[in-house]
Each structure stands twice: as structure tokens, then as C-alpha cells.
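Trainee: Each chain is listed here by its residues.
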Amino acid sequence: MASVRIPPVLRPSVGGEREVEAAGSNIGEVLQSLVTSYPATKDQIFGADGALNRYVNVYLNDEDVRVLDGLETSVGDGDHVVILPAMAGGS
Amino acid sequence: MKDPLLNRPCGGRFGDIVQSIGATPLVELKRLSPKPGVRIWAKLENRNPTGSIKDRVARALIEDGEEKGAIGPGMTILEPTSGNTGIALAMICQRKGYNLRVVMPESVTAERTQLLKMYGAEIIYSEGNKGSNGAVEMALDLAEKDPSIYMPYQYGNPANPLAHYNGTGPEILEELDEVSAFVAGLGTGGTLMGVGRRLKEEMPDCKIVAAEPMQGEPVQGLRSLEDGFIPPIIDISLLDRKIFVSNRDAVIWTRKLLDEEGLFAGVSSGAIARVAVRIADEMDEGNVVFIVCDDGWRYLSSGIYTRPVDEIESLESTLWW
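Going down the list, the protein sequences come from chains A and B.
The first sequence begins at 174 in the working numbering and counts up one residue at a time.
The second sequence begins at 1064 in the working numbering and counts up one residue at a time.
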């Protein structure tokens, strides 16, 4: 099981929780497990084509999975998955 | 007998302060290196005239606007910024006689507001809890409604990464024969895209690593994920790694830069240094170059240099970078 950090904007869809548990051997499975437990998150996390919503960033521990293996990125026990909205960095 | 100078003597001679932008030093940080053979280099962009890397971008944005005929004397320029770009634009606009309005989140440190006012900029505040997203949204709206305003739009203007492709990148190549990794902050994406592209052209194996801010929850005030924003100039395929750094870690490492290397830098530089050292730790040998974006003066009032990190009340509600 991996723990998944939920950003404030998604918390209403997971009963207000900041952190939830989700099972899966890769990011795709972990997110599917999240969606199964909390169906209200589905349309926010995934687009109609099943790909990750472009305004959602998913991190394995602290690394953006889009720059790793995307939804195929392996997840091990004790890994921490962090979902963050796309925010412009400072400038 | 005097040792011969190993690098360029003096900083050069320039016609005015705007021309002196760039040509910043590369300083080795031996104490931060995790092992012999891996050398960590800081490119000191705080040595630019207004104290940040954004001097390069601001000059490029203004010159680009002038070349296009979009900017002329008496014009008003409007730009969303969390401070540094605004400050750099303000200095250049003041010299050139352009009016400048900046849209900035109210959650930035007080020094940024002071510097903007000192250089004559007009500030419009956006909601602090929406971070930079809110400033961009407000600026786009204002620019759309008033055709007499020119918005350079650093988040989408190719002149931004070009400033780094033509300036920051070549300066690094001039000083080092080998760069295993280049680490910079992911804000607009300009530095990473511009330097990244330039370095990879000469050294295809060079890893381009982004350090990004993990914005505190108080500045993530989005109504929905569709309020998210991705700067148009970012091409994520150019990045080899993209790692977030919490505000807490950024502050800790900013103190580390000061305490261990005598480098008085801003919070984003601490975050970038943290990632640079992590990358260095994974290597056996080679050079890691990272960007020191700005100096620490504009963060002094926050107490991050003098108080323990856990006593910084505004740690999560401040837009640090």
C-alpha cells in the first residue's frame, strides 16, 4: 500500500482527508484504486481518454512521474504519492 | 611572483547598467560536494544589477517588444510576476521611460514591494491564496480589456528562454568542458528550457534537472484543477528529472548555503542547491551546475536567516519563489 497526499482542491472528493491509502504496483494502479474508493475524483484526475489530467501533477515521493515512467512508474510499499495541482512557480 | 590570473580580470566595461547584465561568475562549492570527483558549481545570478537572474529575461522581453514595434516611449507595460521579473522590468523601464504595472500576489515578502516602488512600478495585488496562478489570470484579463497595454508575458514569450539560450547557457559552456547535470528552478521554465536546450546541443548526455516549489497549502487556493496553469514555454520532454522541494527544506538549505559556503542567497537557491547535491550524490564524477537566482536581501524580513525554521510563522503562506 502506498500513501497518497491529497491537495486541498481535491479533498472535498475524498471526504476531507489529507492523506489516504491506495494499493497498486504502479502509479496508474494506485490512482485507479483511489478512483475506485472515491469515484468523485475520477473526472478530476483522469481525462476522458484515460490519460492523466494535464493540470494534475503526480509525484512518486518527490519526483514528477511524467519525467519518470508516467503511469507505469513502479510504486513500492511505503512509497509516498503526492498529487499537486499545476501551479506556476515564482518569477 | 604573482600568480597569473586564471579567469577574466575585472568584470568588464559597459556603457550603462542594462548592458552590464549577465556575465555572472561560476563559483565552486567544495563543502557541499558529497565526494571527491564530483564538483558542484553555483552560477551567481544574484550578481546581476537588480540582484536576480530576471535581469536577463527583462532585458530580452523589452528588446523583443521594441523590435516588434509593440513598445515605445510613453507606453504602459503590464506583467504578472512574483517580484523578481517585475523588479528587473522596473529598472529597465525606468531607464527607458516606459510606464510599468505589475500584478503580484499579496503573499510575497515586503522587500519585493519596496524594490518595485523604488524603481517606480505601479503594483496591482492579486489574491495571495491563488499564488502566481492568480497573478497570471488577473494580468491576462487586464491586458485583454485594454489594447494600450503591452504584456510581455514571460510565461509564454520565447524571448524568455532565448535570453538563457543566448546568454546563461553559453557562459556555462565557456567555463566548463563537461557538465553532467544542470539544475535550476522551475518557475516560468525559461532557464531550464533555454540553458537546457543549449547544453544538450553541445553535451547530449547532460541531465537537465528541475527543482520546483511545493507551494504551501495556503497559496493553493484553486477552486478546481482547471484553475491550474502550465507555462506555455515549458516542454517537459527536455527535462530529465523534476523534483519538488518543500518550503521547509528550501529554507533549511538556504541557511546551509550561508553557513557552509558563505553564500547569501534567496529561498529558491536553497531549494535548487538541495536538488543539486542529491543529483551529485548519485554520480561518481563530473560537474553539477546550479543556478543561484537571487540574493537573500529581499527575504530578510521573513526571519529565515536568523530564526529556527519551525518558528517561521509564514512558512506555508508566503510565496517564496
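Treat the hints as calculated values from the structure; they're not laboratory data.
Positions of the beta carbon are idealized from the N, C-alpha and C atoms, including for glycine.
Don't take every hint at face value.
Chain A is faced by these chain B residues, among others (derived, beta-carbon under 7 angstroms) [unchecked claim]: (1) Asn1196; (2) Gln1278; (3) Gly1279; (4) Leu1285; (5) Leu1288; (6) Arg1304; (7) Lys1305; (8) Phe1307.
Restraint-style ranges between C-beta atoms, simulated for each label pair [said to hold, decoys possible]: (9) A:His253 to B:Leu1321: 27 to 33 angstroms; (10) B:Val1372 to A:Arg178: 19 to 25 angstroms; (11) A:Gly249 to B:Glu1264: 34 to 40 angstroms; (12) A:Arg191 to B:Trp1360: 49 to 55 angstroms; (13) B:Gln1157 to A:Arg227: 34 to 40 angstroms.
Trainee: Find the hints from earlier in the document that the structure breaks and name them by number, from lowest to highest.
Mentor: 3, 12
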